[in-house]
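Student: For reference, the chains in residue letters:
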Amino acid sequence: MKNSKILAVTLIALVTFSSCNNDDPIAVNEEEVITTVTTTLTAGNQIITLTSRDLDGDGPNTPVVTVSGDLIVNTTYTGTVRFLNEAVTPVDNITDEIKAEGVEHQLFFQAPAAIGTFTYADADSNNKPIGLAFTLKTGTAAATGNIVVILRHEPLKSADGVSSGSITNAGGATDAQITYPVQVK
Amino acid sequence: MQTKIYIFFCFCLFCTIGFSQNTVSGKITTQQGLPLSGSHVHIGTKTVSSDVSGNYLIKRLPKGNVKVYVSFIGFQAIDTLVNLAGDQVLNFALKENAAQLQEVIIRQKANTLNKSLLEQKIKTETIEKFSNQTLGDILKEIAGVSSMKTGSSVVKPVINGLFGSRIPVINNNVRLEDQQWGTEHAPNFDVNAAGKITVIKGASGLQYGGDAVGGLIVIEPISVKRDTLFGKTILNLASNGRGGSISSSLHKGNDKGWSWNALGTFKYSGDREAPDYVLSNSGNREANFSGDIKFTGKKYDVSGYYSFYNTTIGILSASHIGNVNDLYNAIKNKVPWAVYDFTYDINNPKQKVQHHLAKLNYNYYSDQTASLAVQYSFQFNKRLEFDVRRGNFNNLAALDLALTTHAINIDYKKTVHDWSLKSGFNGSFQNNFANPATEIRPLIPNFDRIEFGTYGIVNYDISDSFSVDAGLRYDFSQVQATKFYFKSRWDERGYNSEFADFIVGEQGNQWLAKPSFTFHNISASTGFHKEFGQDLYWYTNVSLATRNPNPSEFFSDGLHHSTGVIELGDIALDKEQAVKLSTTLQKKWTAFSVEVNPFINSIRNFMFLRPVGFEKNNRGSFPVWEYQQTNARLAGVDVQTHWKINNQWQHDFALAYVNGRDLTNNEFLIDIPPLNLSNKIQFAKTEWNDLKLELKSEMIMRQNQFPDNNFITNIIVNNELTEVLVDISTPPPAYQLLHFYSEMKFKTFGKSNTTIAFSVQNILNTNYRDYLNRQRFFADEMGRNFQIQLKFNY
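Here the protein sequences come in this chain order: X and V. Under the UniProt record's numbering, think of the first position of the first sequence as 1, with each following residue one higher. Under the UniProt record's numbering, think of the first position of the second sequence as 1, with each following residue one higher.
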């Protein structure tokens, strides 16, 4: 019966000394969440800011979309898009990461032709567009519609039409998709 | 070579009776007194097998001289005459057959005392065929068992339409604790370590737990009772994936003293290929070890066991999507968007899982009819899931969980006359640690769980052709979790009215909550087993199972990346209770046997995901599915036939059908396997080096019974937002697959032999998708696969 005693002692030892981590956890502030997407359109002195802000990420709250003003017909706007994570302090500027990994990212801009047409104004190291900088040429008549800005991660940049801004063959995973309601006057 | 025969006869007169019918009982052991379970005992015209303790019982024997024949593989048989004059106890101690034996002896062990439910077994021979595959693939050999897959390497077994937490897996008497709540988490187990696999399609295995709503899978390792040393190596090469596996084991058996087993497995595969394209990032790696050492004394044995499972599994690149527009495109395009050249590399998304299992066992055989087993087990499961992320985050796991489980089991068995009793106690402590270093809010929170359970099962043989059994189990479970909730989510869930007490702290826009739950559960099982003459058997069992919500049902809180769905748990969920009635009729003729097993499983508070609406964030708009409870009913039938056409030809047929209904909402249940039929024809010729040729056909019908979870989303067509229907509900069409298998055995030198097998899966290179594959929206299943297997026994 000696064996069984050894076994019993071993068992008790194992159970007693098996520790467990029971400390209070730290709240995870997700670094990668894009809480804020700001699209800025500049033409001369006019600066229009289009913002979508969602501070609870995957939480139930709907993003708050604001558009600071109306666009003017037949105008060429210089555009930029900034991606921020405002849920962390200090605020994390994700735009820089996207720029640094330009080869793996591309923005797509969609709007009815009456609103305007978009042209890329930047390039990654392979000379393919990223889309953080662009120009928007507004339509010739007053119109109402949506500008949709989509950020794709790992798109197929060399697929047909993708580098000229067509999303159809882009593939990849959508990291952001914002719909801004706008008016061209 | 020692050939002397020792035979021990112990005649003990038990009692005298007036009838001319006598009962003979006794125990079959080795000479060292170890029970030989499954020995063949033939007295007069009756035959039985000895039970797990080596005991046997034969009733209604005539008076006078009867022939007695007792045998057990690897032991010398006893053949003698006994004069019966009343009930007798005849104990036999068999002498080991020291003469050379080529076959490996696997000790048979009865899993349960419940004879009222027919257990389905898979033998070593079949397990070896699947050496290169997964547990889920092997189990599909049984009618009524199908699989829930994620790609080709993550395979979860489905029994009669249920899977995951509803099907506990018992490996070597230890309940696997490896985060089975996830549909893309396969059981962390190396199939090469299994000697025998038993499937119990019900909750009657009460000694393992009371929550087997769907059934139980019981895996037993190879165990050798004979003084020998042998080894086995299985080498596999597969064309699809351009990889293979090697598994080597050494077994030192002994009936007394020391014995040990050691096994190592290594698997390596690159991208799998569908008929038309490469399934990019579907490779996998596996490196496993398991070993045990055992000391067998006269009345006891002590053993230690350790196993380590380590795998890396690539998840199809094209299945990583960001929002439902991506999902819509995948479904519409029918071709994965990410198809690259074949590679062995595994990129993100991928899973890296390690599972350690260590245990100590002590068995004590107090006398021939009673035994006590004590077991301590420790499990540590480390799950890392990597997602496609930006920058350096790519090298950081998106999910990092460490699950630690300690368990103690004490089981006692006793056989008295026609009664056999099994009862026991188990206690466990579990801790889950979700590493916050992932920088992603964890899917599953930290929690501690304490459980205690106690059970009793009794079996009574009313006559030698009719037995009844009954079992009862009580479980106590306490879970305390620590989780951060977005304040917005806490309010949206409406937790404030009922669960405000759980909040213990606050950080920014998140509440720190410590939800705590206590459950007292009862489970039970009862049934009978009746043998009619002419090889007709009838099994009927009713079982009550009670399952507590698992961590994902309680706490899910966020976006599921491969389905584009926000999944929400609910801490208000209550336990689910299932009553399953299962009956099996088995009829054997000389060349033909048939088994029909209808069942009905009625589940109260069945937990399932139900679409409830939409939520928007900066990624787009997402359907929200939440865990709800309903009353569900699963009913179906499994049929198996075996036809031995002649000495060379055999035919096997299996059919499984299950219908799942949500009774409260009057809908069908999601993810119920469709009707499937399999036909296998085998040609075998012993004279030609044990040649075996098999052709198997699998017919999987289309599932026409499914809930409609389709939803509308806006996509951009010609620069305008357009409404489209995302069809996530319609199951894929029916398909048929043909598989071929062949093998031959060769004697190499001495006692060693080699088996060479050649097989082809999906001979016709059929394009198909399976309803129960989570990646069916993204890509076809694997195409044709040629496989060569070499098996050396030495």
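One should not assume that every hint holds.
Which chain V residues stay away from chain X? Per the calculated CB distances, all over 10 Å, these [stated by the list, open to error]:
1) 239
2) 325
3) 488
4) 557
5) 559
6) 620
7) 655
8) 671
9) 769
Calculated pairs, EDC-like style, for lysine to aspartate or glutamate (alpha carbon to alpha carbon, straight line, at most 16 Å) [to be verified]:
10) V:334 with V:255
11) V:63 with V:96
12) V:616 with X:160
13) V:616 with X:58
14) V:487 with X:96
15) V:487 with X:124
16) V:299 with V:341
Hints in this document: simulated from the structure, not taken from any laboratory. Note that the Cβ used here is the ideal one computed from N, Cα and C, for glycine as well.
Student: Going by Cβ atoms, does residue 239 (chain V) stay more than 10 Å from chain X at every point?
Tutor: holds (28 Å)
Student: Would you say residue 559 (chain V) is clear of chain X, with no C-beta pair closer than or equal to 10 Å?
Tutor: violated (5 Å)
Student: Is it correct that the beta-carbon of residue 488 (chain V) has no partner in chain X closer than or equal to 10 Å?
Tutor: violated (5 Å)
Student: Grab the minimum beta-carbon distance between residue 769 (chain V) and chain X and tell me whether it stays above 10 Å.
Tutor: For residue 769 (chain V), whose nearest Cβ neighbour in chain X is about 19 Å away, the distance exceeds 10 Å, so it holds.
Student: Going by Cβ atoms, does residue 655 (chain V) stay more than 10 Å from chain X at every point?
Tutor: Non-interface label on residue 655 (chain V) holds, nearest chain X Cβ at 41 Å vs cutoff 10 Å.
Student: Hint check: residue 616 (chain V) vs residue 160 (chain X), CA-CA at most 16 Å. Holds or violated?
Tutor: Not OK: residue 616 (chain V) and residue 160 (chain X) at ~30 Å, beyond 16 Å, violated.
Student: Is residue 63 (chain V) within 16 Å of residue 96 (chain V), Cα to Cα?
Tutor: violated (31 Å)
Student: Is the nearest CB of chain X more than 10 Å from the CB of residue 325 (chain V)?
Tutor: The assertion about residue 325 (chain V) is violated, with a minimum of 6 Å to chain X.
Student: Does residue 557 (chain V) clear chain X by more than 10 Å, comparing its Cβ with all Cβ atoms of that chain?
Tutor: violated (8 Å)
Student: Is the Cβ of residue 671 (chain V) farther than 10 Å from every Cβ of chain X?
Tutor: Consistent with the label, residue 671 (chain V) stays out of reach of chain X, its closest Cβ about 24 Å off (over 10 Å).
Student: Please verify whether residue 334 (chain V) and residue 255 (chain V) have alpha carbons no more than 16 Å apart.
Tutor: Distance ~59 Å between residue 334 (chain V) and residue 255 (chain V) Cα, so the pair is violated.
Student: Sort out whether residue 96 (chain X) lies within 16 Å of residue 487 (chain V), counting only the CA atoms.
Tutor: violated (30 Å)
Taken one by one, the earlier hints fail for this structure at numbers 2, 3, 4, 5, 6, 10, 11, 12, 14, 15 and 16, listed in ascending order.
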